[in-house]
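Listed below, chain by chain, are the residues.
Protein chains: 4
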Amino acid sequence: MRIGLLTGGGDCPGLNAAIRGVVKHALGEYGHSVIGFRNGWKGVAQGDVQPLGRSDIRNVLPVGGTLLGTARFHPHSEDGGMDAVLTTLEAERIDALVCIGGDGTVHAASKVAEAGVPMIAIPKTIDNDVEGTDLSIGFHTAVNIATDAIDRLHTTAESHNRVMVVEVMGRHAGWIAVNAGIAGGAEVVLAPERPFDIDKVVRFLRHRHRAHASFSIVVVAEGAVPAEGSAMDFTQRLGRFGEIVAGSVGEAVAAEIAERTGFDTRLTVLGHVQRGGTPTPTDRILGSRFGVAAVDAAASGRTSVMTAVRGDEVHLVPFDEVAGKVKHVPEELLRVADTLA
Amino acid sequence: MRIGLLTGGGDCPGLNAAIRGVVKHALGEYGHSVIGFRNGWKGVAQGDVQPLGRSDIRNVLPVGGTLLGTARFHPHSEDGGMDAVLTTLEAERIDALVCIGGDGTVHAASKVAEAGVPMIAIPKTIDNDVEGTDLSIGFHTAVNIATDAIDRLHTTAESHNRVMVVEVMGRHAGWIAVNAGIAGGAEVVLAPERPFDIDKVVRFLRHRHRAHASFSIVVVAEGAVPAEGSAMDFTQRLGRFGEIVAGSVGEAVAAEIAERTGFDTRLTVLGHVQRGGTPTPTDRILGSRFGVAAVDAAASGRTSVMTAVRGDEVHLVPFDEVAGKVKHVPEELLRVADTLA
Amino acid sequence: MRIGLLTGGGDCPGLNAAIRGVVKHALGEYGHSVIGFRNGWKGVAQGDVQPLGRSDIRNVLPVGGTLLGTARFHPHSEDGGMDAVLTTLEAERIDALVCIGGDGTVHAASKVAEAGVPMIAIPKTIDNDVEGTDLSIGFHTAVNIATDAIDRLHTTAESHNRVMVVEVMGRHAGWIAVNAGIAGGAEVVLAPERPFDIDKVVRFLRHRHRAHASFSIVVVAEGAVPAEGSAMDFTQRLGRFGEIVAGSVGEAVAAEIAERTGFDTRLTVLGHVQRGGTPTPTDRILGSRFGVAAVDAAASGRTSVMTAVRGDEVHLVPFDEVAGKVKHVPEELLRVADTLA
Amino acid sequence: MRIGLLTGGGDCPGLNAAIRGVVKHALGEYGHSVIGFRNGWKGVAQGDVQPLGRSDIRNVLPVGGTLLGTARFHPHSEDGGMDAVLTTLEAERIDALVCIGGDGTVHAASKVAEAGVPMIAIPKTIDNDVEGTDLSIGFHTAVNIATDAIDRLHTTAESHNRVMVVEVMGRHAGWIAVNAGIAGGAEVVLAPERPFDIDKVVRFLRHRHRAHASFSIVVVAEGAVPAEGSAMDFTQRLGRFGEIVAGSVGEAVAAEIAERTGFDTRLTVLGHVQRGGTPTPTDRILGSRFGVAAVDAAASGRTSVMTAVRGDEVHLVPFDEVAGKVKHVPEELLRVADTLA
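Chains as they are written, first to last, in UniProt numbering: chain A, 1 to 341; chain B, 1 to 341; chain C, 1 to 341; chain D, 1 to 341.
Hints are computed from structural coordinates only; laboratory data are not their basis.
What you are looking at is a predicted structure, and each value in this text was computed from that prediction instead of being measured.
Among the hints, erroneous ones may be present.
Only some residues are given here: those of chain A computed to face chain B with a beta carbon under 7 Å [stated by the list, open to error]:
(1) 143
(2) 324
(3) 328
(4) 332
Don't be surprised by glycine CBs; every beta carbon is placed ideally from N, CA and C.
The task is simple: from the sequences and hints, build the whole structure.
Right, here's the structure in full:
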C-alpha cells in the first residue's frame, strides 16, 4: 500500500510527531510505503514528492514545524487545482492520502474525498476549534507558551503597578486565551465566545485597583469582539493596523484602558512565537497517536474520517460530523476564568 | 458555610492551584469561609487549623507543593484517629470537608463520609491511576519532567553509543513511563501493566544495535515487574536496596542489559524531581477547575463525590465508583509505545 | 549598623536574589539591620519604609520582579527631592544605603553620595550597558527569553519560507540582540553599535534566498538606527507609533523587507516578557554575590562604589569610573554574529 | 587549508555550536575545508573521517551532544596510537587540528603537538575545572539543569518536612555544586575544595530544624570527600556501589543524616541528565565564539593554544599554562554559598 502524506495550513509544534507516527507505523507494522508531498496541497498539485523512510524522521520528535513544509493552498478553489491533485495521486499510485491540517485542510480533504480519493485527516490547529476532538495538535504547546509569557508579565506588572494587556491567538474561539488566562491567573479574559463590554472591563479594573490591587493582567484573544452598543471610539480604533503587525484588538483594548483609567498600561502581542518551537510532551503524544491511528484507518479501509481524541481514547470521526463547525470553549471553563479573576 | 480543606498523601505540582480555586470560589461566589488543616488528616486529628483568606493564596498558582503541608496519615487506621477527626470537625463547625489527595486520601474520605461528614474529594497523584477521571493533579507535570530528562539522555546516549535506562515513578500503573516514553521516543517501555521478559528486552536491543542503531533509551516504571519464569538472576537482583535510594528495578534492568549485551549501559533514577516544581498550565487549570467544582458541590449538597475530568468536561463521581480501583494505561497507548519504538 | 535598601528603575529578574543576599548577609554575618524602601527613590523621598527580616525573603530566589517595588523617580531632578531623601535617611538613622538599579539609579546614587550619604550601588539592567562590570542583573535572563523566542520563530519560519523580524530590547547597546542573535542562529543582527543600511540588509536577504535558503531570521535591537544616507522612506516610517506599542524600528524594518523583496515577512516584538519571570541561575548567583559584596562594602566603609563582576571575580568600582558611560558590545562579538550568519 | 576537527571525552551541550562555528567560519571567511573525525581521537587513529560542509551543521545549534560522536581514547597511551594518528593526519593532509575536549583531550593535544602537529584546543567540561578560562563549554547548561532540579526538590521538601540530598557532578572541583547550590538556595553545599565534616553537617541541620525550619536541601558534588578524622562508619559506607549507579557519596551522606537526625531524608542523584539536551544560550554563544577563534588561530598560525574566555574577551592560552592544572572554585563564591545558607 502507498500512503500519501501532507501537512497543510499554518504550521505548529507536533506536526513532525504525527509524520513520524505515520511513517514508523506504516513501515514497521504493515510494510507500507509513505510518499510525502512538500508544502501542503500545493505540493500535491505540483507533484512535489518526497518519499519518507526511517532516516527522514530521525530526531524529529522534539522539533517544531513540519519537515514537509506547508502552504495555504486549497485545490478546490484554484483553477485546475482539483485536476492537478487527482493527476498526481494517480501518477504516484497513492492508495490513501493522510492530510494533517486545520479547518481549511479538512475541508479540502472532504472535497478530494468526494472525487473518490480515500482520505484520512489529522486535526491540527493551535486555536483548538476543530469539532469532534478534545484536542488538536499544536494547541497544547501554544497554551504553554502563552502561560509562560503571562507568568513573566505578572512579576513585572506587580513590580511596576501596571496593567498588562496580552494578545494571544484564537480567531474564532478563545481556547488559548481562556486556558492561559486561568493558568496564568489573569484578572480579565476576553474571548470570541462572549463579545465584551469595554466599559465593564474598565469599571472592573478601577474597582479592583481601588480595593486592594496595584496591577492587573488582561488576556485578549485576537478574535475577541466588542459587544454591540459598546463605545464608538473603541470600535473605531479597531482595524487601524495592516497585515504585518498583529495586535489590533489588543492595541485598542490597551489604549482604552490607559485613557480611561489613567493606569500605566502596556501591551504585549505574542504573535508567531505561539506556533513554534519544541512541542510539549502532550503534543508529541497526540501527534504520535494520531499518526498511528491514521495508518490503521488507511489499512482497514476506513476513510473520509478524521482522527480524534476524547478523554483517554482515540476515535475516528466522519468528515461530515466535523466539517464547517467551530468548537467553542464550554461554559464551565469560561466561568472558571471569571470566578478566579 | 464553613468549608474545611486539606491536602493528603505525597505532594505534587498543582495542589496550590486547587487550594486557590477552592478559596477564591468559596469566598467570591458564595461568601463561604475556608478553614485549612495543616499536614493532611494528621492536622485534622490534631486540630491544626489555618483559616484561608485571599492573601494566603496570592502568587501560589505557579508554585509547586502545597501551602497547607501534607503527611501520610490515615485516621481510620490510627488508634482514636477517627474520633479525633470528628471532634475537630465539630469544634471547627465544618459544614463540608474538601480533601485533595490520592488513593489513600480518597479511601480515608469515604470512611469519614460514612461517619456522617459531608465529603468531597479532589484527585491528585502523579501516577494518574485514580479511577473515574482522565487526569489527576500532578501527573501532567511529572510527564513533562520525565520527558525533559529523556530528551537530555537522548543526546548523550547518541554521542556515546550507550544504552540509557531511566527509571520513572508509577507503582501500580505505567502512565508516566508510557507517556514519557512515547514523547521522548524511547525504544523500550516497561510498565506494570505488562510483566516484562528481560530476555526479550535483551534480544530486542541486540537486534536493534546490530541492524542500524548505536544507542537506545529504556524507560522503566518503578512498579514494572518481571514476568514469571524470567531468568532467576534477575529476580534476585531486585530488592537489594533499602528505602533511601530508589531505583531497584531500574538498577536490575540496567545491570542485566550491561552484562548480557556488553553495551555501555547507564542508569538514571529520576526520583523526587518528578513531584516538585512549577506545575504545567494543564495542572494549574485542572487544579483550578477541580477547586471550583468542589465548592459548587459543597454548596449544592452533593457529597461523597470526587471531582473528575472526562474529555472537555468536569464531573462529580460517587466515591463507591472509584474507591479501591486502579486505572491502567489503555491497550491503544501501550501499542503506540511499542510500534513507535 | 542600619543598612537602607531600594530597587530603582525598570524591574528585572534577579532583583529579589540581590535583596535576599543583602538581608541574609547583613543579618547573619554582621547582625546589622536592613531597612527597605518601597518603590525606589520615591519611597525614600516619601519615607515609605519596610524593615526586612528573614521571613520577608523566604522563597523569593526564583521569583522575578522586586518585592520592594520600583518606580522611575530621580530625587535630584524633583523639586525638594534631595531634601526629602536626606530627611528620611536621617530619620531612619541609615548608616549606608544600598541601591539596586541601572544608569539612572546609579547617577542618583552618586548625587546622594555627594550630599554625604554612604552609598553602594548594585547594577541591574537587561540592556547590560552599565560600564565597569561584565554583567548586570537581569541581562542574562533577557537573553534566554529572546533566544527561546528566536528558536520558536525558527521552526515556523522554515516551515513557511518566511522572513521573521524580531525586535528585542536594547536602547543604547545591542547586547541582547547580538547574544540572542548568535545563540538563535539569526541571519541578520541590527544593533545600535552599527547604524544599518537597509539596502544592504535587503540585498543580503535576496542573495541568501536566491542561493540556498528559504527563510531568514532578522534580530533588531529597539535602539538600532539607520545609517545616514539610508533611503528616506525608511527613515520616515520610524516613530509612527505611540508609547503603548513598542516596535517602531522593527516594524519599519519588516515593512521595508516585505515591500522590497516580496518575501512573506512577519514581525514579532518581544516587549515586556523580556524583563519578567523566573531569573536564570546566572542572574540569581549574580544577585546573590552582589548582595553579599554590597554588605561587606558597607561594613568596611567602602562607599561611593558599585559592585561589579569581571571574569570569575567580584570587584568594587568607584562611581566616577562608571557614571554616565555606556558599555558597548565588543567588536569580536559583533564579528561572530556576522560571520555565523 | 585543511582543518581537522574532533570532539573527545564526555559529551555535553554546546559541542555542536563549536563545530558549527568552526565550519561556518572556516568555509565562509577563509574558504578553508574542514575534515571531521568521528568518535574523538579514536577516529583519528582509525582514519574515520567525515568532511563537514554547510548542510552538516544545519539546525544543530540547539541540539545537545556532538554530531561527530565522541569516545574516551588517548593516542599517547595506546600501543601504536600516536603513529596511527600521525599517519591519518598526513594522509588527510591536515594543516591544523582543532580538538574540542576536556583535560584528557587537551593533554593528548599537547602530546600530538609535540610530534609536530599544529594543534588548537577548545575547552569543554561540565565540571568547569579547566585552567585558564572562566568558562568551558557545557558547564553553564549543567548548572541550569541542576538548579532546576533543586527548585523542584525545594517545593516537595517543604511540603513534606524533609531533608533532600542531591548529588551533582564535579569530580575534582565543585563548580556545579556551588553554583547550583547558591542559585537553588541550598542550605548545605559539599564541594571537593573543602573536605567536609559530617558531624558538623548533622549539627547544622539539627540546629536549623530546631530553630525555625522544617526542611533542608543538601547539595553534594560527586567528588566531595570527608575530612580526615571523620566518623569511620561514614568512610566505610563510601565505595559500596559499582560502576553502573552513581551516587556513592550522596548515598553515604543521606544515610548518615537519616540515621543521626531521624529526619525524613531522601537522595536524588542527577547523573547523566546533567550532560544532555538543548544547550543554554550561554553555551551556544561560548561554543560559537570558540569555534571562530580556533579557526582564526589556525589561519594565523597560532598553535599549541587553547581558546579561553576571560570576562568579556576571548583569548588564546598556550597549552603549557593550562595542561595538568585544575581550576578550583574561588573562596569568595564558597563564602557566598555558606553565608546564604
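Practice task
Enumerate the violated hints, using their earlier numbering and listing them in ascending order.
Solution key: 2 and 3
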